[in-house]
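Colleague: Given the structure of chain F, go ahead and fit chain A onto it with the hints provided.
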Amino acid sequence: METSTVNNNFKSEEYFINMGPQHPATHGVLRLLLTIDGETIKKVEPDLGYIHRSIEKMCERDSYQQIVHLTDRMDYLSSNINNEAVCLAVENALQIEVPDRVKVIRTIIGELTRIASHNLWWGVMGMDVGALTTYFYAFRDREMINDIFEETCGARLTMNYNIPGGLMFDIHPNFVKRVKEFIAHFKTKLPEYDTLLTNNVIFQKRMRGVGMLSKEDAISYGASGPVGRGSGYSCDVRKLHPYSALDKVTFNEALRTEGDSFARYEVRIQEMWESMSIVEQLIDNIPEGDYKVETNAVIKLPKGEFYQKVETARGELGVYIISTGTKNPYRLKFRSPGFSNLSLLNHIAVGGKIGDLVASMATLDLVIPDIDR
Amino acid sequence: MSVTGKYFLHSQKGAITQQYPDNRETLKMFERFRGEVVMPHDENNEHRCTGCQKCELACPNGTIEIIWDRQVDPETGKKKKLIEKHIYHLGMCTMCGLCIEACPTDAIKWAQNYENSVYDRTTLTRVLNKPGSKLMPGVEE
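Chains F and A, in that order, give the protein sequences.
Heads up: the first sequence is residues 15 to 387, going by our numbering.
Heads up: the second sequence is residues 1385 to 1525, going by our numbering.
It should be emphasised that the hints constitute simulated quantities derived from the structure, not laboratory data.
There may be inaccurate statements among the hints.
[Claimed, not checked] Anything over 10 Å on all C-beta distances counts as not near chain A; from chain F, calculated:
(1) 34
(2) 41
(3) 45
(4) 51
(5) 229
(6) 233
(7) 265
[Stated by the list, open to error] Straight-line Cα separation of at most 20 Å, SDA-like style, residue types lysine to any residue; simulated pairs:
(8) A/1438 / F/311
(9) A/1390 / F/150
(10) A/1493 / F/183
[As the list claims (entries may be wrong)] Residues of chain A clear of chain F, computed beta-carbon distances all greater than 10 Å:
(11) 1424
(12) 1462
(13) 1475
(14) 1497
(15) 1502
(16) 1506
(17) 1507
From the three backbone atoms N, C-alpha and C, an ideal C-beta is built for every residue, glycine too.
Pulled out of the complex, with its shape left as it was, chain F reads as follows (with noise of 0.2 Å):
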């Protein structure tokens, strides 16, 4: 009876708390305002802009050749297939064709970057929700892939790779023999993740039913990517827009139903399966041929819009391109596929404990500098 009046006298109040721009939670500068009830989240609402640089300006005082290095810095974890959208966006407005041993080049270092991205993925999913040893995994297997990509591309995170036009240097006469040795190391691997998160009941118990999301408000929201495909959303851009050596190719599109957390999970590890059995369909036979085609030193698009979408390791980017015949884009807008999986953040948390935000933020999988720009 006692400790009932207790209760009852025990008044709660509504109260603010930030979360970041400085917490190790948030993978990077995102300030999270939150308005809480004792644990319970009433709101979220992100704030943003500590790790703006003006990207889309800085993209209209470039020329198009220089623009692609700066896509490097906007979703760093997929920086090649960011490159690959701008080229691709130029490409298509110049009426280019590319030899198709760029194509295949390209498709191939674009899912070696999508498996990249979700190891890194995975080992911070589990750091997330407290299982440290995750994450020195996750980056043995990443490091096999960024020395590939150091021998070929010259540089571990940001390459800069493609050009308009193709590739700047051909690959790396180790690049095949490395790329082999990886898939062989990652299927052994692969399985070892299961064992130790997808598996663990704790991990389970902390994923399933948390962070729900439906296929409507997926939609709703602008959801992309593993997030959109985690509620039954099918949006993968390989799939439905086939670009680059991506036609030439069978895979099964990720798709999960339940639209919770682990729904999110499921799509990313079966994605990288998926990603690992296309690199393996191109890699015995990258077709020979020249690895770019001479374009003009200085490129002039003809005047009007273009629009170009990949399919990152987050999601849809979108290039969109007004030009109006010099040198430099009129304006530059990329559609970003970090922004719109952001918003639904408060949608999924509202009613949540603190912990489950960490959780199903860290399924959103968000690159700050991508949401910024």
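Modeller: Then chain A, alone, in the frame of chain F:
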């Protein structure tokens, strides 16, 4: 547990973590690795830079600055463009590699050093051509 236990018991086969590359003398970096831009000189202190400024134009963020002058070539008697200073601001460089792609005479290339942090930022501004260096004979634009 079984996975971590396996790696713990077989840790002599290779650690999961990676060491910082302290073995600077023996470490061989990948030849394409982008550490910083350098200008190779031969034993006669001659470089291949004609001062065409294509790298300066290709650079997206003003990292390269070329101070040049027209001097009379003693052989032909004509005035020729020669570089005085090829200034490279490492602190501004994004390692995009467009300058090296743009160079028509292969005068600049990547160096593979990976320790670029310094205590004083003025040391990041470098003059790539060595003092008293000349243009290698036979290199034309």
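Colleague: Determine for every hint whether it applies to the structure shown.
Modeller: Hints versus structure:
{"no.": "1", "hint": "34", "result": "26 Å, holds"}
{"no.": "2", "hint": "41", "result": "21 Å, holds"}
{"no.": "3", "hint": "45", "result": "27 Å, holds"}
{"no.": "4", "hint": "51", "result": "38 Å, holds"}
{"no.": "5", "hint": "229", "result": "35 Å, holds"}
{"no.": "6", "hint": "233", "result": "37 Å, holds"}
{"no.": "7", "hint": "265", "result": "28 Å, holds"}
{"no.": "8", "hint": "A/1438 / F/311", "result": "10 Å, holds"}
{"no.": "9", "hint": "A/1390 / F/150", "result": "15 Å, holds"}
{"no.": "10", "hint": "A/1493 / F/183", "result": "14 Å, holds"}
{"no.": "11", "hint": "1424", "result": "17 Å, holds"}
{"no.": "12", "hint": "1462", "result": "26 Å, holds"}
{"no.": "13", "hint": "1475", "result": "16 Å, holds"}
{"no.": "14", "hint": "1497", "result": "14 Å, holds"}
{"no.": "15", "hint": "1502", "result": "21 Å, holds"}
{"no.": "16", "hint": "1506", "result": "24 Å, holds"}
{"no.": "17", "hint": "1507", "result": "23 Å, holds"}
Consistency with the previously given hints is maintained throughout, with no hint failing.
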